[in-house]
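Q: Each chain, written out:
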Amino acid sequence: MDKQEKILSKINLDEEVRVVEIDAEGELRRRFFDLGIIKNTIIEPLYISPFGDPKAYLIRGTVIAIRHDEANKIRVRTISKE
Amino acid sequence: MGLTKGSMGIRIIESGNKDKKCDFTIGLAGNPNVGKSTVFNTLTGLNQHTGNWPGKTVTNAEGLYEHNDKKIKIIDLPGTYSLLSDSEEEEIARNYICFENPDVVVIIADATSLERNLNLFMQISEITDNIVLCVNLMDEANKRGISINEDELSNILNIKVIKTSATDKVGFSELKDAINEIVINNQNKIRTITYSEDIEFAIKSVEELLKNCIIDNKKKRWISLRLLEGNKKIKSKIKMKFNIDEIILQKINEIAIKTEKHMNNKCIGDELVEQIIKKAEEVAKAVVKNKTKYDDFSKKVDKVLVSRMTGIPVMILLLILILWTTITLANYPSQVLSYMFEKIGLWLRNLLQSAILPKWIEGILMDGVYATLTWVISVMLPPMAIFFPMFTLLEDLGYLPRIAFNLDKCFKKCSSCGKQALTMCMGLGCNAAGVIGCRIINSPKERFIAILTNVFMPCNGRFPMLITIATVFVGGIAGGFNGSLFSAIIVTTMIILGVFMTLISSKILAKTILKGTPSHFILELPPYRKPQVGKILVRSLIDRTLFVLARAIAVAAPAGAIIWIFANVMIGDSSILTYCTNFFDPFAKVIGIDGYIAVAFILGLPANEIVMPIMIMSYLKQSTMINVDGFDGLKEVLLANGWTTLTVINTMILCIMHFPCATTLLTIKKETDSIKWPVIAFILPTVLGIGFCFLTTIVYRIVA
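Quick note, the sequences are listed as chains A and B, same order. With my numbering as the guide, the letters of the first sequence map in order to residues 8 to 89. With my numbering as the guide, the letters of the second sequence map in order to residues 6 to 709.
Where hints are given, some of them may not hold.
[Said to hold, decoys possible] When the alpha-carbon atoms are kept at most 20 Å apart in a straight line, the in silico SDA-like pairs for lysine to any residue are as follows: (1) K271/B with L35/A; (2) K237/B with K256/B; (3) K304/B with D21/A; (4) K271/B with R82/A; (5) K290/B with I49/A.
[To be verified] The calculated label-pair distances, taken between Cβ atoms and stated as ranges, are: (6) E213/B with G33/A: 29 to 35 Å; (7) V175/B with G33/A: 38 to 44 Å; (8) N47/A with T199/B: 18 to 24 Å; (9) N47/A with N258/B: 28 to 34 Å; (10) G33/A with K223/B: 24 to 30 Å; (11) E22/A with N248/B: 49 to 55 Å.
Rather than coming from a laboratory, the hints here were simulated on the basis of the structure. We put the beta carbon where it would ideally sit given N, CA and C, even for glycine.
Start from the sequences, fold in the hints, and give me the full structure.
A: See below:
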């Protein structure tokens with residue numbers, strides 16, 4: 008993994024990231040596509056659940072809760088703020 | 006709590022949609038939670054249950070309406086994000102749009118997140134040209150400063166675009182006109198996506214292979230794409246439907262492999278999806294003007310409702326608040342009703358006596374049927390009429406998915422699905438509805454876990470019983486304002502106990518008979534919506550309160566008669582009821598209750614609503630309930646029959662943990678299509694309840 012790359016579940020709240028690669032296969036990969044998550048999609052973690060998992064992410068204007076197990080399959084890169 | 010008259014047993018459409026009764030058929034498609042059911046209701050005047058959470062409509066509903074002398078049949082398809090995945094809803098929607106050939110497909114899109122909604126539009130537009138795009142929730146979009154240029158949208162896609170706002174009923178005559186126009190003109194040509202050269206070349210080759218099997222050009226292209234993509238489920242369905250030869254499929258496979266090689270081994274499926282998403286992004290960019298990237302209000306509220314610190318406490322406080330309001334407010338109408346029924350009862354009794362009927366007929370009718378019926382109405386109706394609207398309000402606002410989000414980690418730990426929190430909430434209304442609601446869970450294993458554990462949520466047949474016992478013993482001591490608050494806290498504690506039992510038994514099931522790998526949990530948290538208060542009142546009163554009450558009454562009346570007979574037919578010097586209670590008494594004493602309570606629970610199998618009246622009737626061996634005047638009288642009766650703190654605690658525990666009612670068991674049988682699961686659903690909570698009570702009894706006896 009590239010040094011600047013992280014997995015989605017490790018991103019802090021309110022930090023915008025861009026998808027580098029989706030490591031999931033099959034059904035989960037399709038689920039991500041359904042939500043509009045492809046390469047270069049911008050994602051921002053908004054909330055963290057009281058017990059720490061899942062997190063809710065802002066994806067293309069909608070808030071989606073994703074468990075860490077699944078979010079770990081998405082590699083992202085932080086977008087430097089101008 | 007999607008319990009309506011229609012929600013049970015709506016058949017999933019398989020074939021024969023085009024019957025003679027209507028001029029044409031339209032399908033209603035769209036993402037989950039975009040107000041499809043509301044649009045459906047507005048068009049048809051029907052009352053499908055609506056709520057602000059994704060996945061509410063799990064089966065197709067159908068309705069009829071008339072417009073300009075045309076009779077139109079409308080099918081409300083389950084909400085889906087796409088048509089290309091394997092979930093049940095997507096299969097239903099896909100099969101319908103592709104193979105049932107509806108005359109028009111109306112795609113409902115959420116104006117507040119048009120981009121993602123266009124994704125589904127792009128996919129459907131590859132199957133058919135007869136589409137009306139209905140951009141719904143315009144009122145919300147306006148409020149959030151989102152504007153949509155529908156002329157531009159219509160130009161880009163070459164399609165009729167209608168803006169609607171279902172809650173204010175704006176745009177519906179235009180929508181109906183547009184639908185009719187499409188059928189009459191039948192001249193549409195939607196601009197669809199052109200893929201990369203490699204893929205277009207592959208499509209051409211496949212189309213050539215299929216030219217003898219499929220005539221329609223548009224469909225041929227779509228099927229070529231699906232066969233190239235190679236999703237097994239879709240492939241086999243297509244193969245069956247169009248009788249495609251195995252040799253042809255083999256050739257298509259070779260084309261796919263060759264094409265992927267040419268594209269540097271990029272999977273065709275990925276490429277297609279990427280193009281669709283990019284196109285949706287591009288269109289959305291051209292027509293949507295957005296002030297903020299997300300609803301600020303929802304974000305602010307959620308920072309409190311789902312945050313680490315406040316999420317859980319706020320949830321519990323809300324529950325207490327709802328129950329407290331219910332208990333406080335329900336008291337007054339309850340008293341009025343029982344006073345009224347008492348007066349009517351006296352009058353009826355006089356009437357019967359003047360008719361010189363045998364004593365036993367009077368007994369069955371007045372002390373059996375009438376007493377049980379009026380008890381059920383005066384004790385059940387007020388809390389239901391207050392609790393249901395408040396709960397529906399939370400549902401309409403969009404709080405339910407937040408509960409699922411807050412509790413997901415617990416469910417994950419127990420190897421079950423976070424959506425189980427949603428079905429749990431539905432169980433709070435009616436366990437049978439909760440069991441049906443489990444359809445939103447995709448993994449069969451997790452769905453069965455949710456079905457089997459739903460009974461741990463006290464349904465509205467049971468929680469008035471909790472409320473009554475809590476009010477009589479706890480609220481009564483403190484009295485007044487504090488009293489009802491205490492009662493609410495006790496009932497809340499019992500519900501939390503129910504949640505714990507749900508989690509524990511989910512874990513047990515997942516480790517024993519329902520082993521398997523956990524599935525994915527991905528859930529949308531929709532923005533908060535302004536609830537339609539007036540509609541909520543009417544709907545929850547008619548659909549839920551009256552429906553549930555009618556069911557309770559239908560059971561209570563015969564049960565009342567039977568209990569009276571049990572209590573009054575003497576064998577030797579004791580009644581049948583006494584024999585029964587004596588039989589169960591030794592066992593019941595071991596778990597800290599008595600024979601009467603045990604018999605009441607057993608006889609309450611048809612409906613939990615009658616457990617309490619049976620109990621009271623058997624205590625008053627005169628077989629009449631009329632002497633029980635209000636909560637004080639009830640307390641005296643219970644105390645006189647040896648109720649202790651332990652009896653109170655264990656009766657409440659058993660109320661949460663015992664076999665589901667007959668309706669729920671039948672529903673479980675229907676939903677799982679097997680006799681095994683209702684049997685397990687019967688045994689599991691009963692064994693746990695008895696075990697739990699046994700423990701509390703031991704602890705109590707040591708301490709006291």
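Q: Could you run down the list of hints and mark each one as holding or not?
A: Structure-based check of each hint:
Distance hint between K271/B and L35/A is fulfilled; the C-alpha atoms sit about 18 Å from each other, no more than 20 Å. Annotation: proposed proximity of K237/B to K256/B holds, straight-line Cα distance about 16 Å (limit 20 Å). At most 20 Å may separate the alpha-carbon atoms for a hinted pair to count; K304/B and D21/A meet this at roughly 11 Å. Of the pairs offered as hints, the one joining K271/B and R82/A holds, with about 18 Å between alpha carbons and a cut-off of 20 Å not exceeded.
At most 20 Å may separate the alpha-carbon atoms for a hinted pair to count; K290/B and I49/A meet this at roughly 15 Å. Look at E213/B against G33/A: about 30 Å separates their beta carbons, and that is inside 29 to 35 Å. A C-beta distance of roughly 42 Å is found between V175/B and G33/A, which places it inside the suggested range of 38 to 44 Å. Range check, N47/A to T199/B: about 21 Å between beta-carbon atoms, so the 18 to 24 Å window is met.
Checked against the given bound of 28 to 34 Å, the beta carbons of N47/A and N258/B, roughly 31 Å apart, stay inside it. Distance hint check: the CB atoms of G33/A and K223/B are about 29 Å apart, consistent with the given range 24 to 30 Å. For the hinted restraint 49 to 55 Å between E22/A and N248/B, the CB-CB distance of approximately 54 Å keeps it satisfied.
The structure is consistent with each of the numbered hints, conforming to all of them.
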